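In case you want the letters, here they are:
4 protein chains.
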Amino acid sequence: MSETTLTISARRARPRPGQECTRHHVLETVYDLISEHGIEGLSMRQVADAAGLSTGTINYHFGNKQSLVIAALESAYELPSDWEQYCGSPSAQLRRLVFGYVCRSPRDRFWRFWINYLAASTRNDELSAHQRTRYERQERFWARLIRDAVKVEEFKKSLDPQHEAEQLLSLAHGLVVRQLVLPYAEVRAEARALLGARIDSFRE
Amino acid sequence: MSETTLTISARRARPRPGQECTRHHVLETVYDLISEHGIEGLSMRQVADAAGLSTGTINYHFGNKQSLVIAALESAYELPSDWEQYCGSPSAQLRRLVFGYVCRSPRDRFWRFWINYLAASTRNDELSAHQRTRYERQERFWARLIRDAVKVEEFKKSLDPQHEAEQLLSLAHGLVVRQLVLPYAEVRAEARALLGARIDSFRE
Amino acid sequence: MSETTLTISARRARPRPGQECTRHHVLETVYDLISEHGIEGLSMRQVADAAGLSTGTINYHFGNKQSLVIAALESAYELPSDWEQYCGSPSAQLRRLVFGYVCRSPRDRFWRFWINYLAASTRNDELSAHQRTRYERQERFWARLIRDAVKVEEFKKSLDPQHEAEQLLSLAHGLVVRQLVLPYAEVRAEARALLGARIDSFRE
Amino acid sequence: MSETTLTISARRARPRPGQECTRHHVLETVYDLISEHGIEGLSMRQVADAAGLSTGTINYHFGNKQSLVIAALESAYELPSDWEQYCGSPSAQLRRLVFGYVCRSPRDRFWRFWINYLAASTRNDELSAHQRTRYERQERFWARLIRDAVKVEEFKKSLDPQHEAEQLLSLAHGLVVRQLVLPYAEVRAEARALLGARIDSFRE
DNA sequence: AATGAATGAGACTTCATTCAT
DNA sequence: CATGAATGAAGTCTCATTCAT
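Chains as they are written, first to last, in the working numbering: chain S, 3 to 206; chain U, 3 to 206; chain X, 3 to 206; chain A, 3 to 206.
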């Protein structure tokens with residue numbers, strides 16, 4: 003509404019991609035940036051620059067920084083792309099999910115993102131609620147897989163699915179902490195071994 | 003809080019009579035504020051107000067925010083004050099330490115502080131080194147306690163102290179995550195039970 | 003909303019069949035929104051959403067915000083719809099008009115709109131001119147009604163119509179201010195009583 | 003905390019005036035700017051530039067824009083500097099206050115400020131509360147002056163002080179509206195005459 | 001005729017840091 | 001030793017406006 007903006011005309015000529023595509027592209031960027039700089043270290047300008055957009059566009063699509071971060075979290079938790087190939091066996095599915103808790107590199111993108119999100123969620127109710135929901139959903143899902151595995155006799159009958167899921171998830175998270183603190187290949191290998199051994203102990 | 007600036011060390015290393023007291027008081031305040039608002043959520047004005055000093059004074063004593071935060075992190079880790087009373091029994095000592103991983107309230111000061119420290123350490127080499135040292139020292143200490151407990155026959159001989167310490171520590175950290183995500187009394191009770199059961203399983 | 007840009011007039015003056023309806027609908031919306039949020043508190047997105055159109059469409063029809071606001075201000079002043087039924091008696095007509103200065107609710111749409119218009123007009127020549135014209139027309143009209151009422155002997159002969167109209171209008175506006183500052187039912191009732199009493203004092 | 007700010011050193015060398023002096027200086031500036039551009043037309047940058055300070059300093063002293071505006075309102079309502087000379091006579095005091103409602107120029111600073119504040123207050127509870135308080139205090143004060151004037155027999159006994167104060171204040175505000183809409187010297191003279199006549203009518 | 005994604009300037013505000021006192 | 005007013009960069013977010021579709 004100021005005089006200056008009235009006389010200056012837009013100079014942009016870049017073609018626009020589809021809307022959903024833009025959102026997805028931005029979320030990828032955010033996910034990367036958070037794992038690199040943390041949540042409060044993430045600035046909207048940074049996101050805009052990295053995504054090749056303007057800050058206005060980012061806010062146009064996501065409303066505000068918090069929603070952007072939450073959207074990034076949501077999109078980060080998705081079933082692995084190779085999920086279908088495990089569909090036949092609940093125990094294989096469980097193993098696939100649990101091995102997701104093994105870092106893939108000393109600076110694993112996802113788990114660095116996660117630890118930052120977790121820290122932020124201790125002082126933000128909305129983030130916290132999302133985190134809680136995810137956690138509980140994960141636990142229930144693992145419990146169901148264990149139950150199913152028991153049914154098809156992949157796991158032994160004596161297991162308490164809920165209880166085992168809880169312990170397994172806790173161990174997995176504890177090992178994530180360990181891998182973040184000790185970012186060495188051998189620690190990651192150890193984590194994988196420990197988790198594998200735990201799942202194996204579910205078999206007869 | 004970027005990595006580059008963290009290498010700047012505090013300017014003054016020559017404590018004077020009245021100074022040390024002021025410094026300690028400020029650090030206590032900072033610890034509290036970090037566990038409440040996170041590291042980047044900590045402002046110098048906040049610190050000054052909470053400590054009943056002026057921003058100028060804070061900077062006079064610590065040079066800058068970086069040094070202040072580092073100093074606070076350093077001073078945050080101390081052995082529990084009731085440590086002596088457990089000195090006779092290694093297993094009692096271990097139990098005492100492990101139960102330190104049970105949150106004392108839905109917003110436990112120490113563990114909220116810890117998660118913020120951990121997140122920050124993923125993008126700061128100096129913090130990361132501190133964290134790693136702490137972690138390894140803790141693990142070695144627990145392993146030694148287990149070894150001692152085996153020696154005095156509180157724990158069974160078949161244990162691999164190093165291996166058990168590692169798993170126990172991972173479980174403990176995983177349960178801390180669980181308690182932070184699910185800040186309910188029952189979850190804390192469960193964590194305590196699980197850790198207790200694990201230690202009990204070390205006995206014959 | 004700076005004076006300089008206000009001189010820009012709407013680009014399109016050639017209404018087409020379906021267009022006029024859209025324009026009218028939008029202007030109604032704008033009037034509502036201004037009385038609620040003020041002129042600078044009005045955003046194009048808000049207008050678009052409230053009117054069920056897109057921002058592009060609003061700008062397509064009105065060129066820019068300035069023109070939109072001006073158009074809304076223009077269309078806001080209309081004679082009351084029940085005007086005809088008072089046509090017989092000048093004093094009844096006057097009473098009808100004067101009672102229009104009594105707010106109908108604590109957040110009367112029209113008078114909230116008016117105060118925003120008035121404030122804006124103090125720093126915009128075009129609005130100011132409109133406002134002045136309206137004011138003078140109103141005063142002349144009231145004076146004429148008083149004169150007519152004197153003629154048909156509803157009011158006493160000794161009145162100076164011009165002078166009385168001026169004072170009555172001033173009192174009415176002063177009471178509007180009062181009602182805006184003190185948005186209570188009793189203040190509105192008092193205003194009505196005061197205005198009624200003043201008109202009654204015109205009778206023999 | 004970023005690297006850039008750490009290396010760039012302050013370049014300022016301007017001496018600092020006393021704190022209360024700074025506040026007062028800023029408020030004068032704000033008052034001027036609001037009467038010129040309205041409340042939403044007032045930007046913190048503008049204030050800072052006009053006052054020869056930085057935006058940070060403005061916020062340091064006033065916290066935020068709203069508090070700044072309110073502070074400006076409060077400081078705008080102060081007893082006239084020549085108040086003492088009227089102290090002997092309540093009616094002279096009243097006359098002095100009432101004539102404050104006559105604009106001193108076609109673009110009277112105070113009343114332009116006031117109308118903007120009034121408009122803004124219709125959509126902001128805090129502004130509104132301040133406005134209401136001021137209004138009621140003013141009315142009570144005028145009523146008291148009238149009552150005192152009756153006591154010392156400057157005004158006739160038959161007056162209802164509360165009622166007359168209310169009407170006088172409304173008339174005064176109505177005339178302010180008139181003067182803002184019709185910014186002519188003769189209208190201001192007329193307003194003065196009308197208000198004077200009304201006060202004169204209080205005498206025996 | 002209509003859309004809505006994209007823009008970029010500019011708004012308010014916060015904050016680590018400095019320095020005259 | 002201690003203060004706190006002042007700074008100015010950077011943060012988030014809003015918004016009128018444009019233009020390819």
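Some clues are possibly wrong.
DMTMM-like, lysine to aspartate or glutamate: derived pairs with alpha carbons at most 25 Å apart [unchecked claim]:
{"id": "1", "chain 1": "A", "residue 1": "Lys67", "chain 2": "U", "residue 2": "Asp51"}
{"id": "2", "chain 1": "X", "residue 1": "Lys67", "chain 2": "A", "residue 2": "Glu22"}
{"id": "3", "chain 1": "A", "residue 1": "Lys67", "chain 2": "X", "residue 2": "Glu38"}
{"id": "4", "chain 1": "A", "residue 1": "Lys67", "chain 2": "X", "residue 2": "Asp51"}
{"id": "5", "chain 1": "U", "residue 1": "Lys158", "chain 2": "S", "residue 2": "Asp202"}
{"id": "6", "chain 1": "S", "residue 1": "Lys67", "chain 2": "U", "residue 2": "Glu38"}
{"id": "7", "chain 1": "A", "residue 1": "Lys159", "chain 2": "X", "residue 2": "Glu192"}
{"id": "8", "chain 1": "X", "residue 1": "Lys67", "chain 2": "A", "residue 2": "Glu42"}
{"id": "9", "chain 1": "A", "residue 1": "Lys67", "chain 2": "A", "residue 2": "Glu22"}
{"id": "10", "chain 1": "X", "residue 1": "Lys158", "chain 2": "A", "residue 2": "Glu192"}
{"id": "11", "chain 1": "A", "residue 1": "Lys158", "chain 2": "X", "residue 2": "Asp202"}
{"id": "12", "chain 1": "U", "residue 1": "Lys159", "chain 2": "S", "residue 2": "Glu192"}
{"id": "13", "chain 1": "X", "residue 1": "Lys158", "chain 2": "A", "residue 2": "Glu22"}
{"id": "14", "chain 1": "S", "residue 1": "Lys67", "chain 2": "X", "residue 2": "Asp51"}
{"id": "15", "chain 1": "S", "residue 1": "Lys67", "chain 2": "U", "residue 2": "Glu42"}
{"id": "16", "chain 1": "X", "residue 1": "Lys159", "chain 2": "A", "residue 2": "Glu22"}
{"id": "17", "chain 1": "U", "residue 1": "Lys158", "chain 2": "S", "residue 2": "Glu192"}
{"id": "18", "chain 1": "S", "residue 1": "Lys159", "chain 2": "U", "residue 2": "Glu192"}
{"id": "19", "chain 1": "A", "residue 1": "Lys158", "chain 2": "A", "residue 2": "Glu141"}
For the record, the hints were derived by calculation from the structure and aren't laboratory data. Here the structure is a predicted model, which is why all the values come from computation and not from measurement.
How the hints compare with the structure:
For the hint linking Lys67/A to Asp51/U, the alpha-carbon distance of about 23 Å falls within 25 Å, and the restraint holds. Between Lys67/X and Glu22/A the alpha-carbon distance is near 41 Å, which puts this suggested pair outside the 25 Å criterion. The suggested pairing of Lys67/A with Glu38/X holds, with an alpha-carbon distance near 21 Å, which does not exceed 25 Å. A C-alpha spacing of about 28 Å is found between Lys67/A and Asp51/X, which places the hinted pair above 25 Å, so the restraint is violated.
For the given pair, Lys158/U sits about 24 Å from Asp202/S by alpha-carbon distance, which is consistent with the 25 Å threshold. Only pairs whose Cα atoms come within 25 Å are accepted, and Lys67/S paired with Glu38/U is accepted, the gap being roughly 21 Å. Distance check on the hinted pair: Lys159/A and Glu192/X sit about 23 Å apart at the alpha-carbon level, within 25 Å; holds. Taking the CA atoms of Lys67/X and Glu42/A, the gap is near 16 Å; set against the 25 Å cutoff, the hint holds.
A hinted pair counts as satisfied when its Cα atoms are at most 25 Å apart, and Lys67/A with Glu22/A qualifies at roughly 18 Å. Proximity of Lys158/X to Glu192/A is assessed by CA-CA distance (about 24 Å); at most 25 Å being required, the pair is judged to hold. For the hint pairing Lys158/A with Asp202/X, the CA-to-CA distance comes to about 24 Å; that is within 25 Å, so the pair holds. With a CA separation close to 23 Å, the supplied pair Lys159/U and Glu192/S stays within the 25 Å bound.
Distance restraint check for Lys158/X and Glu22/A: the Cα-Cα separation of roughly 60 Å exceeds the 25 Å cut-off, and the hinted pair is therefore not satisfied. Pair hint Lys67/S plus Asp51/X holds up; C-alpha atoms about 23 Å apart against a cutoff of 25 Å. The hinted pair formed by Lys67/S and Glu42/U meets the criterion: a straight-line CA distance of about 16 Å does not exceed 25 Å. Under the criterion of a C-alpha separation no larger than 25 Å, the hint pairing Lys159/X with Glu22/A is inconsistent with the structure, at around 61 Å.
The straight-line distance between the Cα atoms of Lys158/U and Glu192/S is roughly 24 Å, inside the 25 Å bound, and the hint therefore holds. The straight-line distance between the Cα atoms of Lys159/S and Glu192/U is roughly 23 Å, inside the 25 Å bound, and the hint therefore holds. At most 25 Å may separate the alpha-carbon atoms for a hinted pair to count; Lys158/A and Glu141/A meet this at roughly 19 Å.
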